[in-house]
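Undergrad: Given next are the chains, with one letter for each unit.
Protein chains: 2
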Amino acid sequence: MMKKTVKIAYVGCGGRACWVLQDCLRHMKDVEFPIICDIRDRALDRATELLVEMGRPAPKRTHHYEEVLKDPEIDAVMIMTGWEDRAEMAEKALRAGKYTAIEVGCAFELSECFRLLEAYEETKVPLMMLENCCYSRREMMALNVAKKGLFGEIVHCEGGYHHHLPAEDLLRDENYDRIKGVEGEKSHYRIQSYIHRNCEQYPTHELGPIMKILGINRGNKMLTLSSFASKARGLKDAAGKILGKDNYYANIDYKQGDIINTVITCQNGETIRLCLDTTLPRPFYSRNFTVRGVDGMYTEERRVLYFDGMEEQADLFDNEEEMFAKYDHPLHEEYVRLGERGGHGGIDWLVCRAFIESVKNGTNTPIDAYDTLALMAIAPLSEASIAQGGAPVQVPDFTRGKWMHREPIVKSKYCLDEVIVDESVKIFDEDE
Amino acid sequence: MMKKTVKIAYVGCGGRACWVLQDCLRHMKDVEFPIICDIRDRALDRATELLVEMGRPAPKRTHHYEEVLKDPEIDAVMIMTGWEDRAEMAEKALRAGKYTAIEVGCAFELSECFRLLEAYEETKVPLMMLENCCYSRREMMALNVAKKGLFGEIVHCEGGYHHHLPAEDLLRDENYDRIKGVEGEKSHYRIQSYIHRNCEQYPTHELGPIMKILGINRGNKMLTLSSFASKARGLKDAAGKILGKDNYYANIDYKQGDIINTVITCQNGETIRLCLDTTLPRPFYSRNFTVRGVDGMYTEERRVLYFDGMEEQADLFDNEEEMFAKYDHPLHEEYVRLGERGGHGGIDWLVCRAFIESVKNGTNTPIDAYDTLALMAIAPLSEASIAQGGAPVQVPDFTRGKWMHREPIVKSKYCLDEVIVDESVKIFDEDE
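As they're listed, the protein sequences go chains A and B. Quick note: the first sequence uses our numbering, first residue 15, plus one each step. Quick note: the second sequence uses our numbering, first residue 15, plus one each step.
Any given hint could be a false lead.
Identical copies carry no separate label here, and so any pair may be met within one copy or between two of them.
Unchecked claim - Lysine-lysine pairs mimicking BS3-like chemistry, simulated, CA-CA at most 30 Å apart:
#1 K255 - K161
#2 K255 - K416
#3 K269 - K162
#4 K21 - K425
#5 K162 - K250
#6 K162 - K17
#7 K161 - K84
Don't read these hints as lab results, they were simulated from the structure.
Chain A with its partners taken away, still in its complex shape:
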């Protein structure tokens, strides 16, 4: 039975969380936010202001996560806090019977994934990582091409998080008082994690879409993972340049290697290569999203979609506009057409909408609990492999064998397992 409105508890109201919240307030009159939660009053103020500015009622506010779970009116919880708390919070939300969404990120320890798995298996309440890049136009074009069989049999995919971030991270962290803390601000997780850990810490933007293209957890699974870290020089060097040689951050021996390469082998014989690359200078952001099949390829690095038989061209850079016109995913076709009428948050909007549609329709989510757990497991697996000199480690099968016969479970236009066109469903509930 379809709900007319969806009541969401919004948990964690930091900068990124407010950005996403703002998207959820656009073209979504069927969504209500009766309660928000954060340990910081300043963050609660900011989210409240945002809601009121966007014409919504001022929400209930709480510092206590348990309180949002007790409210029987709440349909779903969106957990937008830092990395440390998410797994435990998600577990509690599932056990409280609430649809649960979590922001992108990995577990620190594999056992977090298994605890969350038990909660899911006992409750069967849907759990979704809000992996926004699954709904990016490029990745969805490739998904569309893949699911139509136009790449032919796919044998290899790759992607990475290539993003030069030292200035952003260091300056944010420098403004954070490490002794006293600053109410409403927090040291950036990346710096703290890079000081202490060495692994593929941020794989979901590329791996999420790749998993969908390769049918991971639905007829295929990840089998082994091997990770390799270069030495760590970028952040220390950048801190010296940006903050001065005597600064605290210029005198840390960071554990996190500058370039982390990870190779995953899959049950059906495909390989996946991931790369984390955030501490060395580079002129452009890229997820290097790449699909290789016997009939064609997509490469984000050159922005080229190519099919066997097309002319080979050494100087082919960027044929995307032409290819979008031919191969856009139907959801993006519609989104681009409607989007022209006004701004909204692109991939964040779409991934949140995918979650909310699932809550509204009472279905599972297009990125489901098993997908979410597989994404969360990468960091601890990578850490173990690096610590063992690149030895391959086994990737857990969180479906416990069900991957062999699982079907796409969301027959909606937000489905990422096949391409479903449903003209009866509009992607916007209102007609602004």
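On the provided structure of chain A, position chain B as indicated by the hints.
TA: Coordinates of chain B only, in the frame set by chain A:
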């Protein structure tokens, strides 16, 4: 003491060999080819014709390799035969006291490298793999930038052999009679190797230049190697498309995976990633040559040289012409200037000239025996790693510890270990 002329025995006169021979006949009046060797009369005819056409005396011809080694007049041997014979032939050439050059390629078995190493250690006669891409303009620009310290500390390099070859390989092989053979032609090594083996079979074009940039065998060494193979679908599929579904080649289960990713860790903390990618459709050839340092990067995929502090640009494709103007390696600067006067073979010419200059001057070669052995070892190491599910294998240190204190050994403008400018040496002996 400098020789006025260099006398070379040219061994193996197939298609590629004749192409290189032609380059060696241009602007190299100080080089003579008194004897050529091949088991095929047709190949000997072709090379003879070429020499005579280019105004050289008709050479002695032989089917018997041992014969060229007996001639006391011969200074050097260039071994341009197929992969199978090279290691053994090189060993014999070293033991005969001849400067030895071999075409690019790997060993099949690690023990081949160790036998060759013993021959080198006992004779100390120079051995050089003719790794032409070490002298390519892009790679030399990056070398120049690296040796000037402008990348800052380098932490990661990568490269690959991305070349869509099925049509070329299959058609060549289809025309070869597998039962009787065809005199003067031969089944292409790649097809035979791809039917039977699964490994990084062709790493030298990218790894050669990377080794020089990272100072491998001179203050640094390769430590471990891990390789991963995707499933093998490309060649079988291509054979069906090109030769028909019933063709012999469309019904082979090739062992060679379509995409081979290899990660090498180095003693000084750098990582190297290699990729072999020759059987799936792609629109452009690339070696994806990439250098990442704390102060800058080069990426062939986008053709961009970038330094920290330059503007970040999402749409930056190809700034090479601008960068060549600023950072060309002095050898290429000179070569490009002189090259305008007439055609010669680019990287093949330069790498052969580097070898010949070493013979002439009685020095070691800029790619030396240890470099050559390290390059040759990659295929068997990769094969072992893949067979063990991607387990890291140890890369032998052919220098047996000498890498810790080895200096650049060729103080010439062909040196690849540092940038040596020597105005007194012309790169052409003649003034055509």
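Undergrad: Determine for every hint whether it applies to the structure shown.
TA: Hints, one by one, checked against the model:
In this assembly of identical chains, K255 and K161 lie within 30 Å of each other by CA distance solely across copies; the values are 22 Å between and 47 Å within a copy. Proximity of K255 to K416 under the C-alpha cut-off of 30 Å is found in neither arrangement, the shortest distances being 52 Å within a copy and 36 Å between copies. In this assembly of identical chains, the alpha carbons of K269 and K162 lie at most 30 Å apart only when taken from different copies (28 Å versus 43 Å within one copy). In this assembly of identical chains, the alpha carbons of K21 and K425 lie at most 30 Å apart only when taken from the same copy (23 Å versus 75 Å across copies).
In this assembly of identical chains, the alpha carbons of K162 and K250 lie at most 30 Å apart only when taken from different copies (21 Å versus 47 Å within one copy). For the homomeric pair K162 and K17, neither the shortest alpha-carbon distance inside one copy (32 Å) nor that between copies (66 Å) is at most 30 Å. For the homomeric pair K161 and K84, neither the shortest alpha-carbon distance inside one copy (42 Å) nor that between copies (64 Å) is at most 30 Å.
Of the numbered hints stated above, those contradicted by the structure are hints 2, 6, 7, listed in ascending order.
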